[in-house]
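Student: Protein chains in written order, with our numbering: chain A, 1 to 169; chain B, 1 to 367; chain C, 1 to 381.
Incorrect hints may have been included.
Unchecked claim - Simulated restraints on C-beta separations:
no.: 1; chain 1: A; residue 1: D31; chain 2: C; residue 2: R65; range: 26 to 36 angstroms
no.: 2; chain 1: B; residue 1: D79; chain 2: A; residue 2: E98; range: 45 to 55 angstroms
no.: 3; chain 1: A; residue 1: E21; chain 2: C; residue 2: Q3; range: 37 to 47 angstroms
no.: 4; chain 1: A; residue 1: P18; chain 2: C; residue 2: R148; range: 53 to 63 angstroms
no.: 5; chain 1: B; residue 1: D79; chain 2: C; residue 2: G359; range: 29 to 39 angstroms
no.: 6; chain 1: A; residue 1: R7; chain 2: C; residue 2: K308; range: 30 to 40 angstroms
no.: 7; chain 1: B; residue 1: A62; chain 2: C; residue 2: E293; range: 25 to 35 angstroms
Hints were generated in silico from the structure; no laboratory data involved. Even glycine gets a Cβ: it sits at the ideal position worked out from N, Cα and C.
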Amino acid sequence: MEPLDIRPDLEALKAAYPAVEIAEAATGHFDIRVSLDQYLDVVRFLKDRGFNYPACITAIDWKDRLELVLQLYKLVVGSRQSPLVMVRVDGLPREGAEVPSVTPLYPGLNWHERETYDMYGIRFQGHPDLRRILLPDNWQGGHPLLKDFVDKRPRRPRLVRHRDTIVSG
Amino acid sequence: MSLADLWAQHWFRAFVTGSLVLVFALGNFYITLWLERKESAWIQNRLGPMRAGPQGLLQVLADLFKLLQKEDIVPRNVDRILFLIAPFVAHIPALLIFLVVPFGPNLVVADYDIGIIMIAAVTSYAVIATFIAGWGSNNKYSLLGAMRGAAQMISYEVTLVMSVIGVAMMAGSLKLSDIVLAQAERGVLGWYLFPQFIGFIVYLIASLAELNRAPFDLMEAESELVAGYHTEYSGFRFAIFLLVEYVHMIAWSAIAATLFLGGWVGPTPADIPVIGPRLFGWMTGPVWDNIWGFCWFLFKTYLLIFIVIWIRWTFPRVRIDQLMDLGWKFLLPVSLFNIFLTGVMKYGWNVLAESGSPLRWLFWLWR
Amino acid sequence: MEQTRELLINMGPQHPSTHGVLRVLLKLDGETITWAEPDIGYLHRCFEKLSESKTYPQVIPYTDRTDYLSAITNEHAFCLAVEKLMGIEVPERAEYIRVMMAELQRICSHLLGLGAMALDLGAVTGFLYAWRDREKIYSLFERITGGRMLYNYLRIGGVRNDLPEGIIGTPRDGRDKADKTIWGFINYFESYVLPEWDDLLTNNRIFQWRTQGVAPLPSEVAIAYGASGPVLRASGVKWDLRKNVPYSIYDRFEFDIPVGKENGDCFDRWVVRVEEMRQSARIVKQALQWLAENPGDYIAPKLPRVLKPPKGEVYIRYEGSRGEVGVHLVSDGSANPYKVKWRSPCFTHLQLLPVLAPGHKLADMIAIIGSIDIVLGEVDR
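If we strip away everything but chain A, and leave its shape as in the complex, we get (with noise of 0.2 angstroms):
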């Protein structure tokens, strides 16, 4: 079997959205740097030019901005080395931060739009259901991978019980 080539579509896509920026990384993956404003189209030509599968989505907080990366893959029977998308907005604001949701074309990053959002208080808009995840629903801590995240909840008392505590005798 052949390794699958994605080049022409990303070609395709450069052609279509010259302000994308498209890089291989020395691990394997092309990373696709667009625009927040250009993000949902280039997602959507993704999906067009047969990016049919929804690896995952989640952020990284660089302390200074907030950068949301997208998987995706070709997921093609009988093809081999199918190669990774990394579709990377960077820049957003660590607060508030606002980016359109791909839920609608990838069904399955549902939840993972949640839990980035949940992490990483990233806002999607037109998510269906866009509320925390894993943490409760009431949560008021702040969204934990932040990298300036503190626990401001009360300290339980260690429940361990200290040896110069214990009275011999």
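On the provided structure of chain A, position chains B and C as indicated by the hints.
Tutor: Only chains B and C this time, still in chain A's reference frame:
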């Protein structure tokens, strides 16, 4: 007042025989519960209870004591009266069945002429207890279990009675002791298991459903409804539900043994030619007949209990709609066919018995 | 005026068959489900946050605890990610040991998944048979790794220790050596366990009633919802990352990809899992052959004491026991991972529940949860 006079009194006889039936039911409950635990363990590569007593025989006792000691919890939002009486309502029909079962030639508490009808009537009450428990618990799982139970038990009631009608046709009587005597004539081949084989299978399946035993234990389906109608019960009320379940199982097995396996009649050693009269010849007479009869009856009952437990630990559970389909669309027509078949075959024998036609042997089982 | 209303029922988090602490809200019309909504997060242990404060080797034990029924495959996925990031060459023998362990782990995990599904459908005995055989794998694993369930056996670049002496056994080992040698287990498994599963459940009429036609999942829906692993293959999509995106040394092994029909139902998912165990046994046999022929003791390369991968990013797609495990690792050049994202198959599969459940009976819900074989440890991480 002598004992004989006392025996003549109805209330005294009722008291004594009723107590004996209760003792019989409870004793067998104990053994059956132990057997279930052991048998499931054998099936599943386990040992089962081993520590309490030899082969874990005292384990059931320990468990029952544990359940007795537990706090009697009545949840806050239940319908209190219904919740409290449900276990006791449940165990009445289970015990009442034993009234008509002939344990031996003369060992029967109340030999009604309408024994089979009586059984059908009494067991219908079981569904009331289930529904009371499910409704009174004020729990959605319990309610679902009760709904399933009502649907299931009412529909299988019909099938069950239909499967037994063949036996009544064969014996020409609804009285259980008559049915047993009718099977006594020709040894093993005279048992209604053979001419009523379809009826027996239908009875077995339908009684499993009626008993809520797996694969039809939908109303307490552990993995779906937690514990169904007795989710909210704990302590001794739960123990009573457990008791009811097993007493029911024993009762149904006893009735199956009576109707299809010849009840207390059996190829007893005293009946066996050559060996019987020599070795066991002195074991005859009315007392010994009753003892032999009781032993054979118990043996057959436990054979059926063994099969029922075996089935439980082998099969997955069916779904409620499949259960209904099985009951109404398959078992009921089959049991109706069995009635038809029994009628035809009996008629065939009656017509052909006098003639020398070799065809008559086709109908021999149904004569 | 009387009015029928739907019954809102709360299944879990304490329920006998939600495989841990899953909570599903259900609306019932009689017995028929009209709406289902899973609620997760009861087992959230902050794996991703925790990893950011650990060094790379320290993360490995935590990966064990995500999908705790399939620990080796998780370790393997994470190690692959770090190795790819750093460009580490893994010794051949270590690769074979890894693959063999991963496939044994897959058998072990599928056994439990199938057993739990059988239990949910009311066949308690099937569950205990699964545990009996899992126990044998666990005693093998205990001898190899020292742990029974959570191993911390794989190291970045290799494995912690070589196989103990005599554990491979010979291809003639039979049932009596099933918990002593791997060959013994594989022979026992192929000649005894798999036929038993077929007899006891796969060909059981009641079991087929309960699973066939329940919750069919069309292949295009499966792909759109990101289903992977046995769930995807049961829908007829012949896609196995071990074959289609080969990692480690899987391209050296011969095995088939079992698939179900176009609209895979619970029964297909069951059958695919049973078949996968058979294929895993094939892979283990090939690995054992190689390991017996090529003794050696080079099982881990010499690495610096503190691992500092270069700046970069990697996403590993790994065919775990339950589907595609994705490890998204971001390194900033320090000794701790900058970000770890664990794309768990169970989390993704659980989204299917609201799609699959409506229209089926309450009892089918159990079959569906069992057939997508979720592990809440991995769903919540």
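Student: Out of the numbered hints, which ones does the structure contradict?
Tutor: Checked against the structure, the hints that fail are numbers 3 and 7, while the rest are satisfied.
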